[in-house]
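Protein chains in written order, with our numbering: chain A, 400 to 701; chain B, 30 to 357.
I should point out that these hints are in silico values taken from the structure, not numbers from a laboratory. Cβ coordinates follow ideal geometry from the N, Cα and C atoms, glycine included. Heads up, a few of these hints could be off.
Said to hold, decoys possible - Dumping the calculated BS3-like pairs for lysine-lysine here, alpha-carbon to alpha-carbon at most 30 Å:
id : chain 1 : residue 1 : chain 2 : residue 2
1  : A       : K692      : B       : K263
2  : A       : K418      : B       : K149
3  : A       : K614      : A       : K524
As the list claims (entries may be wrong) - Among chain B residues calculated to face chain A with C-beta under 8 Å, some are:
id : residue
4  : F61
5  : V157
6  : Y159
7  : I164
8  : Y182
9  : N223
10 : S230
11 : Q279
12 : L286
13 : S291
14 : I304
15 : Y305
16 : A320
17 : L326
Listed below, chain by chain, are the residues.
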Amino acid sequence: MANENARSMREREYERKIKAQAIIRFIVCVIITIICLFPLFIIFINATRSSNDIILQGVSFLPGDYLLNNIGTLSDPEAAFGSYVMTYNVWYGYMNSLIIAVSSTVLSVFFSGLTAYGLTVYDFKMKKIATTFILAVMMVPTQVVSTGFLEFMIRIKLYDNYIPLILPAIAAPSVVFFILQYMKASFPVEIVEAARIDGCGEFMTFIRIAIPMLKPAFAVQAIFAFVASWNNYYNPSMLLLSNKLEQRTMPMMVASILGNDKCVDYGVRYVAVALSILPIIVIYLCLSKFIVKGVALGAVKG
Amino acid sequence: MQNVQKKPAKMVSYAKYGYIFIAPFFLAYAFFMLYPLINTFLLSFQGNGEATGGQWVGIQNYQWLLFGSEGEFSPGAAIHESFMNDLFNTIILWVGNFVIQLVLSLLLAVWFSDVRVKIKGTGFFKVVMYLPNIITAASVAGIFLMLFGNSKYGAINSMLMNWGILNEPFKFIDDVWVSRILVMFIQSWMWFGNTTLLLMSGIFGIDPAIFEAASIDGSSGMHTFFRITMPILKPIFIYVVITSLIGGLQMFDIPYLLHEGSTLKPQLETAAVFIYKHFQMYYPQNFGYSATASIILFVITAILGIIIYRFNTDSTAPKKVKAAKSSK
Numbered sequence: 400m401a402n403e404n405a406r407s408m409r410e411r412e413y414e415r416k417i418k419a420q421a422i423i424r425f426i427v428c429v430i431i432t433i434i435c436l437f438p439l440f441i442i443f444i445n446a447t448r449s450s451n452d453i454i455l456q457g458v459s460f461l462p463g464d465y466l467l468n469n470i471g472t473l474s475d476p477e478a479a480f481g482s483y484v485m486t487y488n489v490w491y492g493y494m495n496s497l498i499i500a501v502s503s504t505v506l507s508v509f510f511s512g513l514t515a516y517g518l519t520v521y522d523f524k525m526k527k528i529a530t531t532f533i534l535a536v537m538m539v540p541t542q543v544v545s546t547g548f549l550e551f552m553i554r555i556k557l558y559d560n561y562i563p564l565i566l567p568a569i570a571a572p573s574v575v576f577f578i579l580q581y582m583k584a585s586f587p588v589e590i591v592e593a594a595r596i597d598g599c600g601e602f603m604t605f606i607r608i609a610i611p612m613l614k615p616a617f618a619v620q621a622i623f624a625f626v627a628s629w630n631n632y633y634n635p636s637m638l639l640l641s642n643k644l645e646q647r648t649m650p651m652m653v654a655s656i657l658g659n660d661k662c663v664d665y666g667v668r669y670v671a672v673a674l675s676i677l678p679i680i681v682i683y684l685c686l687s688k689f690i691v692k693g694v695a696l697g698a699v700k701g
Numbered sequence: 030m031q032n033v034q035k036k037p038a039k040m041v042s043y044a045k046y047g048y049i050f051i052a053p054f055f056l057a058y059a060f061f062m063l064y065p066l067i068n069t070f071l072l073s074f075q076g077n078g079e080a081t082g083g084q085w086v087g088i089q090n091y092q093w094l095l096f097g098s099e100g101e102f103s104p105g106a107a108i109h110e111s112f113m114n115d116l117f118n119t120i121i122l123w124v125g126n127f128v129i130q131l132v133l134s135l136l137l138a139v140w141f142s143d144v145r146v147k148i149k150g151t152g153f154f155k156v157v158m159y160l161p162n163i164i165t166a167a168s169v170a171g172i173f174l175m176l177f178g179n180s181k182y183g184a185i186n187s188m189l190m191n192w193g194i195l196n197e198p199f200k201f202i203d204d205v206w207v208s209r210i211l212v213m214f215i216q217s218w219m220w221f222g223n224t225t226l227l228l229m230s231g232i233f234g235i236d237p238a239i240f241e242a243a244s245i246d247g248s249s250g251m252h253t254f255f256r257i258t259m260p261i262l263k264p265i266f267i268y269v270v271i272t273s274l275i276g277g278l279q280m281f282d283i284p285y286l287l288h289e290g291s292t293l294k295p296q297l298e299t300a301a302v303f304i305y306k307h308f309q310m311y312y313p314q315n316f317g318y319s320a321t322a323s324i325i326l327f328v329i330t331a332i333l334g335i336i337i338y339r340f341n342t343d344s345t346a347p348k349k350v351k352a353a354k355s356s357k
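The following block holds chain B by itself, in its conformation from the complex (with noise of 0.2 Å):
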């Protein structure tokens, strides 16, 4: 090693302390990202709660909550029917969502970036529409919770009750597709100006000039814009879509906690909560269903994630936004 480092007689060699400096990083990444995602593959291959918990049953969870098992009552069609519908719920909240909250961004990130057109106090709108997303989501389920309250003591039940709209207090949280409607509203509410800035940063990346040259050319707005300003964003505007994608496959505090009483809302159940019900509220822990829904959330982040990528790498469009928003 030592006559390694004398052949270059002058040069003193510092790759150690890069090797050093970078150290930390990867210990930890290894101690608390890496071996607890093999762990979790392991353990997708072993058993739940007393019965089987610890011991090898291979491919049984994936086969329980894929396919379900022989029999009505077995309990991998127990499982399996739960799992479908709280991934049905996932797909359904994130859907909602995200339309909502798509046209509202792409319709303020045009307006507020466009140079003809100037909205007043400008600052303090992005200002105010980005203050839902700094709230803690925990705080934010239990606010909507006692906004939209079963009861008649519920802020808006005692609303249109004091208007004369109802004559019974409605129930928000117990009604399926209302909740729904609600989860989705909040999330709307809670990302809309998130997204609105990253899609004004992808616009401002577009030479204005471009706008100018269109503009004398006679085009009207909604000819801008989707032939000038959705071609050049596509870049921005697909990243958009699948990060959110991936934080919407993750979502958790407000469908968890959106409910009254301590029952969950079937409703509401979300590939998330499935993975932490499973986990947190049986014991001995059914560690195998959970990381098997984990795995199967991985395997599709993952293809999602090589889509991104691919479309990332063959544009020439600015692309500034780059880090991922997790806990959509």
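In isolation and in its complexed conformation, chain A is listed as follows (with noise of 0.2 Å):
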């Protein structure tokens, strides 16, 4: 009897620790929450406040009401002397980035397909050099290349053109490499004999049967190649030479009107800031858990 009061009170006694531990574990997980947010929260914030009020009361916890005023002076060719419209488009900025991140993800995700399934399906000679190729030079930094590719593309006269943003995502050997990983997994490569049979030409049998099979891995490799492409700052302004408003893409809209000394109203760079990260915060927000999951699964890209 005893003996059993005793097990129960030292089972309770863990019981307890275990509790307090778990709440601690979220109060310091709360906090970090915070932490992450709190930039996010300042900038949407702020974007709807007057430079006035952002400067005489400091931080706010609750919007103003000055979010029209900030944007219509953003977009205003009086303001400032027009330097407003001069530094900072956000049509300009959405379109081009736009542009440049969907034809590449295309690219990027339509070629690998095409490379991980000529490597699976097909038996021939430089197949495995060509995959170890593939995977050698995954790891290898672009900004490392940069220079060379800069002063070729100026010498072969591609600068300030989109042409070398959005074609070289047709090579993107960790794509490749995921895709190869699905397709080992879940892609049955007598499928493609039925096909044959069936009088499928070879190509249309990637087309029609590969492609569809491969939505998940395609999926997954699209939204990181999306964002990375969306969020390159790097090449953009190393290619975009003249760095003209109506090539700008968004981080270029945004490096440039900070950089601007004349641009000072508090309130419209906030906006600025916030209109650029809008659409990525909207598309994280209806694919969080997709997103989530895809970096476990090997899908990093940045």
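Take each chain as given, in its own frame, and dock them per the hints.
So this is what it looks like as structure tokens:
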């Protein structure tokens, strides 16, 4: 009897300890969550306040009513002698970033799929060498080749052009690797033979049969490729030498308004930054579960 | 050629489709990566700017960047000092960022995958913690620049002054070490969620029965972590370290954009900023210096790549994560 009592005591003690620990951990996680969200929160709150309000009142936790005015100033050709309209244009930014991100995503996913398919389905002499090569170059950082890349693009007059921002997406070793792994696990090669017997051409087999089957892998990679391209500041700012307003991508717009000494209205600056991250945040809110899972699958792209 | 194909009479050879399907990848790779890499290598033996641009100068760039040249005010000495400063910054910023990031990520990864102590809302926390990673780095720089602005109008300054903690605005961006710590913090802020998820995928690969056995044997949390979790996690842990180092060597957006006005902050200039600066801010461009710095970085990266390859091949533990993160 006494023994049992002691045991239940110990059990209760243990349970209490676990519970206490769970609460401590929960609190730490809440604090980290606040640190993660605080800067974003401030950006969106301050985007709705006037510059005066921000300067005089400092940080506020309630939104103001100046959002439309700030957006108005941002697109007002009169404001600060036209400095705002000459440095930042949200529609050009969205459009250019979207054009580059969408086309490079489509190219990257399609051609990586094609390459992985070619390496999985067919047998040919160079197959092993090709696969090893792709694995070996996966780690080569793109920034390291940037000097030679830029000099080459200037020489063949492809600067101030979106082509060198889009076409390199055809060769994405890490995407190929991911799809290769995926195909190894869940793409029966016999299905290709069945398609052949039914008279389906090789390329059509890829389009009609492989692509639908690889959709999950494509989707994960497409999201990361899109985000990486949208967020890329280094390459566009390097290759768009003239830095023309109509050509700037969204990150370039942000960089140029922050570097402009004449655009000093705080509310407007906050709106400019808020507009640049809004689409990505919306995408993330819709697909967050999917993206978080994708990271763990090894879909890291940055 | 036709004769060869006739030999296996019944079989149709599909080998050519293999080549056709992988051709676009290799063409694009050769054109946009391989040739630029070779070109970078060639450029590293050529001169800079107006004076020697396009001329062959041998190993002068390497000599100057790595060892400088005679005379205190010679161009070689200046560029040497600037490159070494930037390399030093890169290492400082990376190490600082990585220590914060790793401690936090390990702790969170162990917590999130702990079967005994369940935290409520783990799914939500993971989503929130990964969020900073997905936001445009240029905008992140902008966010923190406005929060930690030098003047009293910066959000943090105005908050501290309103609370009476500060009388004068503190120059967060101008102060050498405060601005460095700020960059470390921003980098950790952006990447700890990602690292947590990677480490978690490693921990989930460990058979839960092992943890159960340890718990029955009376192993404490700390003991389990150092004796069981860490050894099994080692390959993925090393992978995270190396990929982060490769990314860290290229750290660019945040250090480059975190300044008010148009002058770069010398205490934040990284090696990637050095490369970028010499082909972007000079005309005619200093391709020689950029290329040489790139090749030096590439060699460092390659050595690290070989190390990670060796760690990955001689381990039997689960290795789920493969792709590189490249813009840390």
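Check your understanding: Looking back at the hints listed earlier, which ones does the structure fail to meet?
Key -> none
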